[in-house]
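With the hints as extra help, turn the sequences into a complete structure.
Protein chains: 2
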Amino acid sequence: MTEKLSESGRETLLAPLYETGWELDAEKDVLKKTFKFADFTEAFAFMTRAALWAEKWDHHPDWSNGYNKVTVRLTTHDVGGVTALDAKLARKMDQILT
Amino acid sequence: MTEKLSESGRETLLAPLYETGWELDAEKDVLKKTFKFADFTEAFAFMTRAALWAEKWDHHPDWSNGYNKVTVRLTTHDVGGVTALDAKLARKMDQILT
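Line by line, the protein sequences give chains A and B.
To convert, count from 1 in the first sequence and add 1481; that's the numbering used here.
To convert, count from 1 in the second sequence and add 1481; that's the numbering used here.
By construction, these hints were calculated from the structure, which means they are not laboratory data.
Keep in mind that this is a model prediction, so the values were computed, not measured.
Treat the hints with care, as some may be off.
It does not matter which identical chain is used: a pair holds within one copy or between any two.
[Said to hold, decoys possible] Straight-line distance between alpha carbons at most 27 Å, and here's what the computed DSS-like set of lysine-lysine pairs gives:
no.: 1; residue 1: Lys1537; residue 2: Lys1513
no.: 2; residue 1: Lys1569; residue 2: Lys1485
no.: 3; residue 1: Lys1573; residue 2: Lys1509
no.: 4; residue 1: Lys1537; residue 2: Lys1509
no.: 5; residue 1: Lys1569; residue 2: Lys1537
no.: 6; residue 1: Lys1573; residue 2: Lys1513
no.: 7; residue 1: Lys1514; residue 2: Lys1569
no.: 8; residue 1: Lys1514; residue 2: Lys1573
no.: 9; residue 1: Lys1569; residue 2: Lys1550
no.: 10; residue 1: Lys1537; residue 2: Lys1517
no.: 11; residue 1: Lys1573; residue 2: Lys1537
no.: 12; residue 1: Lys1485; residue 2: Lys1537
no.: 13; residue 1: Lys1509; residue 2: Lys1569
no.: 14; residue 1: Lys1509; residue 2: Lys1485
no.: 15; residue 1: Lys1569; residue 2: Lys1513
no.: 16; residue 1: Lys1550; residue 2: Lys1513
In C-alpha cells:
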C-alpha cells in the first residue's frame, strides 16, 4: 500500500478513477478531483464522511473547500507519489456520493 | 455587515485579529490565518465547529486542510472585500480554540 504505484498498478487502479473525474498531476504525482455539491451543507457532509475514512486508514487528503466545492489532492507524502492507498481513498470518496 | 469595512472599521475590527495571527491580503482584501493542531482529528474537529457557525451565519470560509493544518481565507465575495461578517467569523474561529 505504501509503495509508489508501478506502471501496471497505475493502469489497474487509476484508470477507473479517471473515468469518474480524477486527474493525475503527473509532475507532482498527485491525484486530484473537484467535487461539486448543491450547497455548503452537502459539501461539508461529504468532507465529514471522507474525514472519518481518512482517519480510519491513517491516510489524509490535502483538500480545500469554498461553499459548494471540494477540491481533493491525494498523494502519499512518505513515498512522494501515488500509492494504492490513494486509489483506495479516491474510490471511497466516489462511493460516498453514490 | 455586508458593506466593505471602512478605514475606521478596519482599525476597530481587524486590529484585534492581527494580534491573534490573522493577516490581511491587502491586494485581494482577504483575511487569512493558518491554524495548526496536534493532528488531523483536532484539525477536522475545528473545521466542523467552524462550519456550523459559518452555515448558521450563511457566511462561508474558503479554507484548506492538510493533516494538522487549516488555512482559512475570509472575504465577502458579494462586495469584493472584508466586511464585519468576516471579522465576526474570524473572531469565532479564534474563540473555538479557547
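Here is how each hint holds up against the structure:
1. Lys1537 to Lys1513: Within one copy only: 21 Å inside, 30 Å across.
2. Lys1569 to Lys1485: within (13 Å within a copy, 44 Å between copies)
3. Lys1573 to Lys1509: This pair counts as within: shortest intra-copy Cα distance 22 Å, inter-copy 36 Å.
4. Lys1537 to Lys1509: within (25 Å within a copy, 38 Å between copies)
5. Lys1569 to Lys1537: within (12 Å within a copy, 34 Å between copies)
6. Lys1573 to Lys1513: within (14 Å within a copy, 31 Å between copies)
7. Lys1514 to Lys1569: Within one copy only: 14 Å inside a chain, 32 Å across chains, cut-off 27 Å.
8. Lys1514 to Lys1573: within (13 Å within a copy, 30 Å between copies)
9. Lys1569 to Lys1550: both (21 Å within a copy, 23 Å between copies)
10. Lys1537 to Lys1517: Both: 24 Å inside a copy, 21 Å across copies.
11. Lys1573 to Lys1537: Intra 12 Å, inter 29 Å, cutoff 27 Å: intra-copy only.
12. Lys1485 to Lys1537: within (21 Å within a copy, 43 Å between copies)
13. Lys1509 to Lys1569: Within one copy, since 19 Å is at most 27 Å while 37 Å is not.
14. Lys1509 to Lys1485: within (12 Å within a copy, 38 Å between copies)
15. Lys1569 to Lys1513: For Lys1569 and Lys1513, only the intra-copy Cα distance (13 Å) is at most 27 Å; the inter-copy one is 33 Å.
16. Lys1550 to Lys1513: both (13 Å within a copy, 19 Å between copies)
In the structure shown, no violation is registered for any of the earlier numbered hints.
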